[in-house]
Structure formats: C-alpha cells, structure tokens
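Two chains, two separate frames, one set of hints: put the complex together.
Each chain, written out:
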Amino acid sequence: MSEYLLSIKNLRLSFFTNVGEVKALNDVSINLKKGQVLGIVGESGSGKSVTAYSVMGLTAHPGKIVAGSIEFDGKLINEMPEKAMRDLRGNDIGMIFQDPMTSLNPVYTIGNQICESILLHTGKNRKQARQRAVELLELVGINEPQKRMKQYPHELSGGMRQRVMIAIALACEPKLLIADEPTTALDVTIQAQILELMMELKEKIDMSIIMITHDLGIVANMCSKIAVMYAGKVVEYGNVDDIFYEPRHEYTKGLLKSIPNLYSQDHEKLLAIEGTPVDMLHPPKGCPFAPRCEAAMKICLDQMPDHYPVGQEHYSACWLIQKEEFDRGGIV
Amino acid sequence: MARYLLKKILVSLVTLWLVASATFLLMHMVPGGPFLAEKSPSEATLKALNEKYGLDQPLSIQYKNYFAKLLKGDMGPSIKQRGREVDDIIKTGFKVSARVGGLSILLAVILGVPLGSFAALNRGKWPDSLILLISTTGIAVPSFVVSTVLMMIFSVKLDLLPTYGLTTWKHYIMPVMSLAFYPTAYISRLTRSSMLEVLGQDYIRTAKAKGLPMYKVLFKHALRNAILPVVTYLGPLLAYTLTGSFVVERIFTVPGLGNFFISSILNRDYTMIMGTTIFLATLIIIMNLVVDIVYKLVDPRISYN
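Those protein sequence lines, which keep their order, are chains A and B. Be aware that the first sequence starts at 95, since it is given in the numbering used here, and climbs by one per residue. Be aware that the second sequence starts at 2, since it is given in the numbering used here, and climbs by one per residue.
Stretch-level coverage of chain B by chain A, calculated; a stretch enters the list once three of its residues show a Cβ under 8 Å from a Cβ in chain A:
hint	region
1	201-209
2	222-234
3	293-303
It is worth saying that the hints were derived from the structure and are not from the lab. Ideal Cβ positions, reconstructed from N, Cα and C, are used throughout, including at glycine.
Only chain B is shown next, with the shape it has when bound in the complex (with noise of 0.2 Å):
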C-alpha cells in the first residue's frame, strides 16, 4: 500500500508538471495579453508593464523563471488585481467556495444515498418511480435554473432568504442547495443502480437468514458493497465543488474562488490562470488518491500490489 501511495505521487507529480506546461504553452499561445483592452495603454506603458512582469522575455526564459519561482512556492503577484498575491487570492477564495462545496457535497450524500436505497428497496412501486423523476430533473437541469428558480421562490415570493453575499447562515441556504441538487440525483441514482444488484446477491440472502432486521441488512451488508460506485464518482466532484462554481457564485455574489477560473481567462491573467490551474489539478489528483484508500478501507478485496 505505501508503495502503491508513493508511486502514485510520484506519478501525480510528473501529471501536475504536464498540467501545467501545457497551461502555460497554450495560453501564451492564445492572441492578446494581460494588458490589451479596447482602451490600449500608451506603447511606453506596455513596454514598462511588460518588463515590470517579464513578460517581454522569449517564452522559454519566461517558462524557466515561472517554474523556478514555482517550485520555491512561489505563484508570483496577479496580473490583473493588483497588489494581490496569486496564492493569497486562491486562499481566501478556497476558504469559502469550499465552506459552499463541501456543505453542499455534504447534503448530497446524506440525501442522495438513503434516497436511492429506498428506491432500490421499493423497485418498481411508487416511491422508486417518484426518486427516479426527481432524480432525472435533478440531473437535466442546470445550475442556474435551479438557482432563479430558489431565489424567485424563498427571496421574491415568501422573502425569506438573502439574494447575496455570504454573511450569515441563511446567506448559505440557497447556494448550497442549487450547488447540492444535481450530485444529490446524481448519487441517488448511482445508489440505486448498485444497490439493486448488490441487494440480489447471495450474501444478502444470508443475512436475512440469520434474522437480521431489514435495517441491519441494507446498512450493514448491503450498503457498503454498493456504495464504491458513489466513492469512486465523489473523489473528482468533490475537487470541483470544493473549488467553487463559476456559475452559482456569480448569481449569488458569493466571494468563492470559482469565478477566477473563468475571469483569468478572460482578463489573461497569467499567473492567475496559472494558479487556479495547478490548484484544482493537485486538488483533483489528492482526491484521486484518497479515493483509492477509501477504496481499500471499504473492500477489502481490493489490493494494490
């Protein structure tokens, strides 16, 4: 196991280094630069920018320098917001997005799993009809429709909850609700799936045999079978959600780090785009990882040698 874990860092590192050239290639590739806008600064001020952030320097020497500042920890100041640091903006920008996520990750698994198995256990009647609806709008409706549809509901009709900002809890109600409503259908229905195959094995078959309550049976014998599907699909949406989403943040004003993966891009914030890159791809390879331990703490068969 421990050499399995640091083969996998090892090869996490030379992935997280491709990432990143490959990052860094293509958007010095992209025409335009940090500095263009329709109102171009004077050629002095672009020349004097450009030298201030080394950006006048052919892209090797500029690649060279960014790696070995990066390797020291360094993400270099942004571009754009000036006066702000790369790693402090991702920083504060984590701390909430992930407040967000990880509640609403939270709610999804502690609604989508009993949702599922109950489903499951009620094949083909009514209630499993009616999780399979709710789960499929769950799945084919997106973000933002969610999110109107909340704020028109518990803001402008019954004026119950705060459109913006992120102050008090009710601030979190709605984001973590329109973020949760599509893994909730999605791991509801992924419980299902596996949990009606899980529940026609043999081993389960035993338990009632034993004279288990049925509680004891889905919890205990089928549950954790059928739950690697949810684990192995949690590791990556977990890495996402964490980060924030561009979308729910912006129509909450939430002051996540999701809306800087899409405006770095915009604003051709180098070092920026940079940061929030090789941040959520460590993110995603660390969840990966621990999504293979998990692995291994729940089915015992798995091995890694």
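This is chain A alone, in the form it adopts within the complex (with noise of 0.2 Å):
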C-alpha cells in the first residue's frame, strides 16, 4: 500500500479534435498524502481541470489518456471498468464546481439531488436518506434544511448552491474532495465561508483536497502543498512556504510577482507576465514559457527540463537550476 492517498505519474493526456492532437497533459506527476490539501495553480488552459477530471475519469470526449498512471487508494483508476469507477465517484472521490448556478439540475429539488448520492453508494433507505441528507444540509451550514430539501436550485442564492453542492460532494464522506475553482463564481464574502466551511468539513471527515484555482490568496490559506501548472505540466512542485518564500521556478516567480498588494505606491504599476499562453496545438519545442521567460537561456527554447529536486519534497522544471548547481560545481 502505497503511502499517498492518491498518486499519478508521468500523466499524458490528449484531446484529439480535428485539427490535430492538443496534448493538454504532458508527463503531469502529483503525490496526494491522506489529509493533505493539495492546491494547484496555473493559468487557463494550462491542465488543472483536466488533471482533476482524469482522477474522475470523466475526461470529455475526445479527450484520451495516452500515458502513465492514477493510483487511488491502492487502486490504479485509469484502467479500472466504468462500473467500478462509477462506485468511486460521488462515493469515495466527491467534486465541486466552479459555478453553482449551472451545476445543480432546475428541474429537480435539493433533497432529490442530495439523496441521489446517498441511495446510489449507501445502503440507505429514501427516509433514511432525506434524513443524511437534511444532516448534510446542516453540516454545510444551510438554515431551514427541512424546507430547502423541498425548495429549487433557482430558490437558492449562489452561496447556497455552492453549499447544496458541497452536501452532495460530501454526502458519502468521500476520501477525496476535488474542489474545481469552487469560489471563482462568488463574490469575495461567500468566498471566504465557503472556503472556511471546506476547512472545517476537512477536519471533521478527515479527507485530502485538491484545490483548483489560479487565485494564489486562495491556496496560500488553505494548502499544504501547491503545484504549479503551465501549458500541461507541473513546472513546479512543494510546500506552500516553500513555493511562496523561495520559488524556483520563473513562473511561479512571475505569478507571484503579478499579486497586487496593498502596501505598493500609487504610482506602481501591477507587473504582469510578458507574452501569451501558450498555443496547445502547436507548443513550442523546449520549455513551454520558454518564451516568456526573461532568463531563457539557449537550450530553454530546444529542450524540456526535467523536475530537478530543489528542497525538501519541492521540484522544479527550470533549466536555471542546472546551470546554478553547475555554476557552484556541484554535480548535476
């Protein structure tokens, strides 16, 4: 049994649409230990959700895993049968959206939707349930939940619905919780509820978390580990403080410089990565922010980096971190 809670190694997945192949992940590698809150960044389009629906095995068609592994729970899920996935979702690995306006049904109620999940993994009865479910509805800290359980996704507030969606992501206590930008479609008060009634949950079930999101503020708060994505890879892994106090990486660097703050002077002006993301269907040959990077060196633009392990359990993909190790003649 493996000491991580969920594992995927050297991950390749690519959409093939008709204009050719768009490979979203290329050799995508994250360790999940039990407990931990994992969150990973990056930009759009750089792989975060289609890393977190691939642990789902909902990859949209024609998305298809080409290479390498997702083991949950000691079980490799990439070539698990449908039906033994479909016993996972919802059942062991729960997920939240990014926008809970669109996420619930309108045509059916709250309890419906909450007890869907409950009677599909459990052995539990409908009164049983609507009982769990007026519980969950409770736990995620909606008042009224006998008559909320009758009410429609479109009675409901945003803030609401981002917590009916919680309950039913929770609602067969799940190993895992996959939280796909679950704020980004809320104003900033809701935002921090949500955020510290996901910290709470965490705590009271015992789950991990994957934390998908590209606000920084967001992972510094609740995580323990952050990975950062661009163009379809990890460029750089580790621990919050590791990755906030000594990035190793260019962009990481470059995001964290792009935060505004609220100390800066009038007349400063907020700095911003140079450049465009990358065009997936065509990506450059090297390093993908090659391009943007303002210490590209020579080899940057030829060839990818490999993940040069930086500190403790912190990686980085940067050719720089060769050339230093070179530089002070150590041996690389």
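Now the structure itself:
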C-alpha cells in the first residue's frame, strides 16, 4: 500500500480534435497524502481541470489518457472498468465545480439531488437518505434544511447553491474532495465563507482536498502542497512555504510578482507576465514557458528540462537550476 | 396558476368566437351554395330548400340564429348528409380518427424520443448519421407516398395487411405507420438538438460526478430538461392528428373525421364547415392549455404569475 492517497504518475492526456492532437497534459506527476490539501494553480488552459477530471474518470470526448497512471487508495483507477469507476465517483471521490448557478439540475429539488448520491452509494432507504440529506444541509450551514429540501435550485442564492453542491460532494464522506475553482463565481464574502466551511469539514470527516484555482490567496490560506501548472506540465511542486518564499521556477516567480499588493505605491504598476499563453496545438519544442521567460537561455528553447529537486519535496522544472548547480561546481 | 388558467380560458373563448365568426362570414362570401351543382334543382325546389335551412334570410339574421343555437350546444343538421346531425357526425368520426391518430402519436413519441437521444449520445458517429438520414427522409417524404409504399410492400407484395377499412387490429397498422412517420422524424430531430444542448450543461457533469450510471444521467437528468421543445410541438400536433388526416384516411378508407374537413368545404355544407372548424379550434386551444400545464409540471422554474 502506497503512502499516498492519490498518486498520478507521468500522466499524458491528449484531445484528439479535428485540427490535430492537443497535448493537454504532458507528463504530469502529482502525489497527495491522506489529509493533505493540494493546490493546483495555473492560468486558464494549463491543464488544472483536465487533471482533476482525469482523476474522476470523466475526461471529456475527444480526450484520452495516452500514458501514465493514476493510483487512488491503492487502486489503479485509469484502468478500472466504468462500473467500478462509478462506485468511486461521488462515493470515495467527491467533486464540486466552478459555477454553482448551473451545476445543479434546475428541474429537481435540492433534497432529490442530495438523496440521489446517498441512495446510489449507501444501503440507506429513502427515509434514512432524506434524514441524512437534512443532516448534510445542516452540516454545510444551510438554515431551515427541512424547507430547503423541497426547494428548487432557482430558489436559492449562489452561495447557498455552492453549499448544496458541497453537501452533495460530501454525501458519502469521500476520502478525496476535488474542488474545481469552487469560489470563482462567488462574491468575496461568500468566497471566504465557503473556503472556511471546506476546511472545517475537512477536519470533521478527515478527507484530502485538491483545490484547483488561479487565486494564489486561496492557496496560501488553505493548502499544504502546491503544484504550479503551465501548458499541461507541473513546472513547480512543493510545500506552500517553499513555493511562496523560495519559488524556483521563473513562472512561479512571475505569478507571485503579479499579485496586487496592498502596500504598493500609487505610481507602481501591477506587474504582469509578458506574452500570451502557449498555443497548445503547436507547443514550442523546449520549455513551454521559455518564450515568455526573462531568464530564458538557448537550451530552454530547445529542450524540456526535467524536474530538479530543489529542497525537501520541492521540485522545479527549469534549466536555471541545473545551471546554478553547475556554476557552483556541484554534480548534476 | 388557477388564475392564469381562468384568464387563458376566457381569452380562448374570445378566440373561438372570432374563429367561428370569420369562418361563417368567409364561407358565405364564397360564391355558390350547398344546393348548386351541375344539375341544378328547379327554382322552386331551391327556394324550398333555402327556406328549410334558413338560407333565404339576411346574413345577419342567419348569423344570429346560428350562434344562438350554437350556445345551446346545437350545431344543426348537416345540409348535405341528409338526416344526420353535425355533432353526431363529428362524434362518430372523431372516435375513429382519434384512435388511429392517438396510436400514431404514441408511436411517434415512443420511437422519436429514444432515437433522438441515441443520436445525440453518438453525435458525429454512424448511428447519429443514420438517424439523421432517416429523420430527414421522414420530414421530406409526404404521407401519401409513405402510405402508397407501405401498401405496395405489405399488401401487394407480401399480402399481409388489408388495404382498406378499419375492422381488425391489422387494419390499423398501415394508417398508424403512415401517420406516425412525419412526427417520429420531427420529434427525433427535436430531441436530438435539445438533448445535445442539455448534455453539455454543467448539471450533467454533476450527475456524472455522483457516479450515476449513464442511463440515469440520460433519462433522469437530461431528458426532463430536453423534453420541453417536444412538448411544445406535441400540443398542436395532437389536435391535428386526433382529428384525422384527409390524405391517409382517404387512402386507407378510414371512416374518420379527416375526410369531412375537405369534403364539407367542397360541398359547401355550411353547418358541417362550421362544426369541423369550431371542433378543431377548440381542440387546439385545449391542447395548448394542456401544454402550458405540462410545462409547469416538467420545469418548476416556469411560473405563470
């Protein structure tokens, strides 16, 4: 039995579109221990959500896992038959999504949608399931749960709906909760409430969380591990402190610099990473970040760097690390 | 909801009155009359007939008399089919047409919805293309061609099914199939396109993330959202199909109501024209009301207040 709850190894996933193969995930490796909160950060199209969906076995057509493995709780899930995968989904792995306004089915009551999961995965009968659903609604901080059970999604606010989504995801006390930008569509005060709730529930039912976001603030508050993704690759991976205080990849550094600072002077402009994201249909030959990287060297344009260990469980895929080592006279 | 329905019914009554009045006026404006034929009856007979049916009076009086009787539920005798009351003809004809039409709509829904869903699920693959091809054909080919081809195959070549009448269950097969062909094609196309839209929605992803089996995602979560356009189409379709098809009933000699819609006009059978028009209009209005109610049942977001 591995020490990890989730272990993604060298995952390659491509979308086979009409105009060609889009390599959405390129050699992604991520490990998550029990009870940990892992943040996956990166800009749009960097492969954050695709990674999460591949764990759920819900890769959208025409996407396909080309190579690599996903191990969850000691089982290789990328090779599991669909039936076994369904037993995992919503049961051992719960998921919440970006837009609570559209993630609930408009024609069924809240109660119906929560009970559905419970009835599917547990041996509970209808009455017990309803009881459990009411408990769940209470757990996620919804007032008058009995009344809410009979209401339809359009009768609830965005924050309430996201709470309902969390209730659904937690219905069967999953070992892993995947949150795909759970607060992006909510306003700031509700955001804080939802995140607080997630952390609270994490302690209560002892689960691991994968938090997908592009908000570094959220990551700093919640996560113990961070994976920074760029163009379908994990470019840097490490503990939250390492990433924030000792970033070793130029992209991570750029991301951190571009956070607005409360104490910045009036005349200071907000820094942004120059250039545009990679065209995934025609990715560059070398490091995908090289064209935007200020410290790019010749080799960066030619070859993709490996992951270099730069500390305790801290890796960075950047040629600069090797150069530094070399300059210092170390053995690489 | 109750208030909405009440309002709707009141408006419907006005609509019905307008339809009936327009028909009444137009019908009398058309030159000719029920008793004019190639071999016209004598002057005296004509006068006597006109007098008997009240056609000698000014139009305004005729209008008043007709509607006064109509309000009491009396549609009068048929002018051309001697000795038969209009409501009696409609009643017997409708019983037959509704049975054939109802079966064909049932068939169309039972076939069309799953076909459309199946096509949507297999978007871009061969089953989708095949279903699209069949449904396009179904929409393009008129019912008389379908009827004739069916007759050719099942009656002439295979000698399995009777070509006319409506006495045994075997008699129903071909008329029902001919009538169902177009709506099946149409419903499958409607279902396919709205299903495709729904399958891309976020709540379908949620349903999958719960670990629900595909059939449940499809029939519980997707279908109920995708069915609304089909319901809209079914309302008026039911009204038209239940009252019978002129073409198909002619071809298979089905003693339904469809025949009378055309023949009453050709014959200038005034009371019959009024009867069939009012009957169809009423049915359409009722069906639209039913559609409104079904809407509310299918989608709780719809509110009539």
